[in-house]
Each structure stands twice: as C-alpha cells, then as structure tokens.
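Residues 1 to 665, numbered by full-length UniProt numbering, are exactly what the sequence shown covers, in order.
Simulated from the structure, these hints should not be mistaken for lab results.
Using N, Cα and C, we set each Cβ at its ideal position, and we do this for glycine too.
Possibly wrong hints are sitting among the right ones.
For lysine to aspartate or glutamate, the following EDC-like pairs were computed, each having C-alpha atoms within a straight-line distance of at most 16 Å [stated by the list, open to error]:
# : residue 1 : residue 2
1 : K257      : D331
2 : K381      : E572
3 : K658      : E646
Restraint ranges, calculated between C-beta atoms of paired labels, are given here [said to hold, decoys possible]:
# : residue 1 : residue 2 : range
4 : G360      : R339      : 18 to 28 Å
5 : S256      : K654      : 44 to 54 Å
6 : I9        : G617      : 33 to 43 Å
7 : K563      : E657      : 41 to 51 Å
8 : A106      : G617      : 36 to 46 Å
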Amino acid sequence: MADRNFTVIENEWITLKDGTRLAARIWMPEGTEQSPVPAVLEYLPYRKRDGTCARDESTYPVFAAAGIAGVRVDIRGSGESEGVIDGEYTPRELSDGCEIIEWIAAQPWSNGKVGMMGISWGGFNCLQVAALKPPALKAVVSIASTVDRYNDDIHYKNGCHLSAQLSWAATMLAYQSRSPDPELVGDRWREMWLERLENEPFFLEKWLEHQRRDDFWRHGSICEDFDGFPIPALVIAGWADGYRNTPIKALEGLRSKAKALIGPWVHKYPHFAWPKPRADFHNEAIRWWNRWLRDEKTDADQLPQMRAYILDGPRPALRREADPGRWIAKDVWSAPEMRSFSVTGDGHLSAAASFAKGTGDVYLRSPLDTGTAAGEYFTLKPDAEMAGDQRIDDAGSLTFETHPLLEAEDYLGQPAVSLDVSCSADTANLVARLVDIHPDGTATRVAFGVLNLAHRNGNAKPLPMEKNRKTRVTLVLDACGYRFRPGHRIRLSLSTSYWPMILPPPTDPGLTIDTASLSLSLPLLGDHREIVVPQPANPDPLPHYIEHSPPVTHRTVERDMTKGVTHYRIYEDTGLVEHPGTGNATQDIRDETWSIAPGDPHSMAGLSTWTCIARRGRQSVKTVSTSRLACTAAEWITSAKVEAFEGEEKIFEKSFEKRIRRDLM
C-alpha cells in the first residue's frame, strides 16, 4: 500500500486490571478514523525513552508509513512503567503482555489484529506470550531468542554454568536501578525510583537456586508444547550470536508454522547488524505483517522454510566488517544427513572406514584458563566479542584434524561428537569445538558445544559419573552453516575448560578419552538452491544523536606470571549521548573482570560494576551497581550492592548476599 503520514505519541498510559500503568510509545498512521490499522507490539525492560530509542526510531516510522501502528511498551517497573519487575519472563510479565494485546485490539484505531516482535528479551517473550494464545495476536517475528530457556540462554548450557549469567544479572540490576523520566511521570518520579531501588531483585540469586532444568526453566520454554503453539512465527538469528540454534529448533518443532532466516550476524537487528551482508528487515517484516495482520496475499507464507547464509572461510579479525559466503534456501527443512568422521591410527580425522582407529586412551586436563579466545556468549559488536584465532585455545586442547581437503565441503545444522570418557570425580566439563584450519594455520571457530558430564543423560536429574569407568557420552554442538574450502583442514578440538565462557566444576580431575571410540558427525547441506536476500537500501539506518563524549571499548587478558593468576577484563563505555528531541543524555559504563588461578577451580571469581548516568540540563542522577560471584567446592557465593545518587548526594544504598549450594555443577 502507499506510504502514509504518521504521528508519534510520546507516552500513552495503558492501565492494567490491577491498576498499574504501563508506559507506551506509539507510532500512529494517519487516517485511522476511516480505516483502522493493525499494530505491532514490542514489550521490553530496556526503556523506550532512552535504551532502545535509536533502533525504535529506525523501524517504527517505516512500519507506520506502511499503515502499521508500532506500540513500544516498557515492562512493569522499567522505564516509565509503574511497579517493580519481578524477574525474567515471569507469569506476571506474560500476563501483562496478554492484557496489553487486549488493550491494543480494543482501541478505535485498531483493526483488531496484533503482531508481536522483538530481539533477545522481546524475541523470547513474543514467543512465550503467543503460547498463551491471546485471541488478537496473529503472528510474531522473533529475533535472537530461544525455545528452551535452560539450554539456549545466558544461564546454563547442557549443565555448564555460563559466566554470562553473572554478566546479565549485573546488567539487569543496573538497568532496573535507573530512574523514570520526570518529564513523563511528573513529580512522582523520585517515589517511583525509590520503590524500584528498594524492591528490585538480584536475578542471579533466583537463577542459581535452579541449577537443573526444572519447572522454573520449563516455564516459558515453548519447546515444552510445540504442538500447542497457535500462530505463524518468523524466527531470525545470526551465526555470530549465542542464539543460533533457535531457528532450526523452531522449524523442527513448529514445522509449517515457522519460517527461518539465519545470517552472519551478531546480536542485532538484521538491517544494521555486523558482519555484513545485512538483510532488509523492514520489508521482511512488513511483508509478514501484511500477510497475517491484513490478510493480504503476500508471499510470506510461500517463503522457503529455511534461508541461511553459508559462511565461506571467514578469518578471525580485530573487526569483522563482512563475512564471505552465499545465501541458500531449503523449501522444506528436514533433519540433515550426517557425515561421520573417526580417528585413524595416526591421529587424523577421516570420513573413510579404517581398521586402525584411534591411538588408545589419552588423558586430557586443560589449563583452567583455556578459552580466552572464545569471545562472548552473545555478541553485540563484531570485534573481540567474536571468537578469535583458535590456536590460543587449541594449545590447551586435544586436537584431531583431517588432511587438507581436496574439494569443498558444505554443512548446515548441528554437529555432534560421541566418545567414551572416564573421570575420577563426580563430574567434569567437556568442550568440543569444530575449527576451520586455513592453509596458513589460522584457525576459525565454526561451532562449539559444552557438556557437564553429570548432565550426560539429561538436565532434569543429573547423575554423578561412575568413577574411573568408561562412559559413552554424546555432545551436540551449536548449529552452523559453513563451507570448508579445498586446501583447508577440519579440526576437532576437545578441552576440559572453556573459561570464562563456562565456569569450572568443583574439582579439576581431567578426563581419559578413548580415541578409538570417537565419532564426529557433521550435517551435510544437502539439496538446496541459491537465492538473493535483499539488503537494506539505507546503509546507515540508525538515527544519530548528540555525542558529548565518545564510546570506549577495551577487552584484555592478563596472565600474572608471578602470582599465577589470569585476569580477563571487559570495559565498555557508551559515551555520553543526548537525544536531540528529549534533551536526555545518558551514559552506561560496564567494568567487568574474571579471574582464575590455573590448577585451583575455587579461585574463580567474577566482578561486574555498572555506572549509569542520566542528565537533562542541571539535573543529573546516577546509579552504581556492583555484582560478584565466587565459589567454594560446595557453594556459589553471590553478593551485590546498588548505590543511587541525585546530583552528588547519595540517596540510597542496598546490598545483597547469598550462598547457594552447588548442584553437581
């Protein structure tokens, strides 16, 4: 349809049944009196007024010009919304989401049909709200999300404790400590702020109380009932992000209700993500909304089930602006045919049958600081947050590789490794990495997987290993789409550490690996066709704000050779940036350090400090939040502190402390 003019409603109050008011920013097409329009909801705790305003202002005006209202709502207790947040994807959050959809559908400007979309938190909760079947919700677009909250989020992965769990708890403590904007909420802003500061939880405490995949994690995991999921879902992810498994799992579970798009991207919307090539997300989304919210005969329901970018030998770099590769489509997704490799008598990987397999039992005990080239679990920039040259981590690993390939080999799906291991303790961590070895020796990580051996038979009821007895385990790696070029070698790297990505178990026993038992299975690309995925016309789609101080990023690894301690430090400063329309200037600084002494798993510690600043004219507020995680053989030790300042005066301080029993982890 033709472009339409629109207006922006800076703040609209949505009153819930319990009287709580949630704050919404709405992009409203003109002419709704004569022709009601569909609406798209994005529902987040990241603050519409400042936290997500740039990406909101890149997308919702485009939707509104196409006749689709955009409704961006702050979750209870965040931004300008009243109340206090009670956790992540809680029943109350999802119930509030259903009420918001009901409110939207009842507005005189609405045609009664609502879509829901988002990336990360918003990608999660749009799937979770859809599973509750609010009648007006007709379709979702979910980006960088999960269908399994336990295994494919920032908490745990196959029973391994991700360091991202502390990082994200620290982030949310900082985010939720920020004040509402006085310009929107008026004189109540200080009262609302103090209520949040006094009552907000430290999420890490609750997460650590659930180290198994119990009802806490099953809640909100739509994989628990794929058949009951009611509406079409466009599921998008990037190979450089931690949520790369979701599109394939959604296709396998939702079948014809799902369409998948996987690019080379980090944890960003595809129209401004890195590495390039990007995808024209706006047209993708509008086509989707017009089909399901307007019943127009677009080709959205005729899209291939899988569209994926097959990486073609990218190299680690200080910044990956663009990755080589090509787009392919599979009209119908099915489980891929697997190609099996085993270890030959001379220690190589081979897909050919061999009578002399393996080199016998090998004992592996990786240094506890193996893993510093792993990058972040979810990546926001294409720099050192992405995995680096794997030769650093391969030095502490057991590796097997093919001879140089004679022809290209293309794969799409989840690799798997099966092998016999024995261990002298109740558990240990096992890590497998699939690596592309370039002719010059450069090593690109293609995929990785981790396993807490106590979770070898499932995550709900972990079992100690039978000490010093060979046990068959299978480790499924994260999904990949990759071409190994002729002359390159395929390497499998095994380690017992991957720090700081995953935290060490209570003891560091090492593993005995039966190399003759080892089998690597790679998912063949199979039948496909090559396609073009249009890129956005605008190469710089985000608005530019007033920069008062520049952003700063540092990421360093320090090995103290005298004290025998390794420090991994992350420093991120957004710079002080002012929105020209509101005059609100904000700055967030993250300073995080992980440390470990090789040989001592109880020395592991993480410290994350956030400073959040907001200024308008002479008024300024600031919060400083500090979050810590340490351990003993028996316990996780958590603590946190939040301090709030109005101008130079400290107006609030609160501390958290808790010790939580380790549960075979």
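Do the hints match the structure? See the list:
A hinted pair counts as satisfied when its Cα atoms are at most 16 Å apart, and K257 with D331 qualifies at roughly 13 Å. Pair hint K381 plus E572 holds up; C-alpha atoms about 11 Å apart against a cutoff of 16 Å. As the CA atoms of K658 and E646 are separated by approximately 29 Å, the hinted pair breaks the 16 Å bound. Between G360 and R339 the Cβ separation comes to about 25 Å, which falls inside the hinted range of 18 to 28 Å.
Look at S256 against K654: about 50 Å separates their beta carbons, and that is inside 44 to 54 Å. Distance hint check: the CB atoms of I9 and G617 are about 24 Å apart, inconsistent with the given range 33 to 43 Å. At roughly 27 Å, the beta carbons of K563 and E657 sit outside the given window of 41 to 51 Å. The hinted window of 36 to 46 Å between A106 and G617 holds, with their beta carbons roughly 39 Å apart.
In the structure shown, a violation is registered for the earlier hints numbered 3, 6 and 7, in ascending order.
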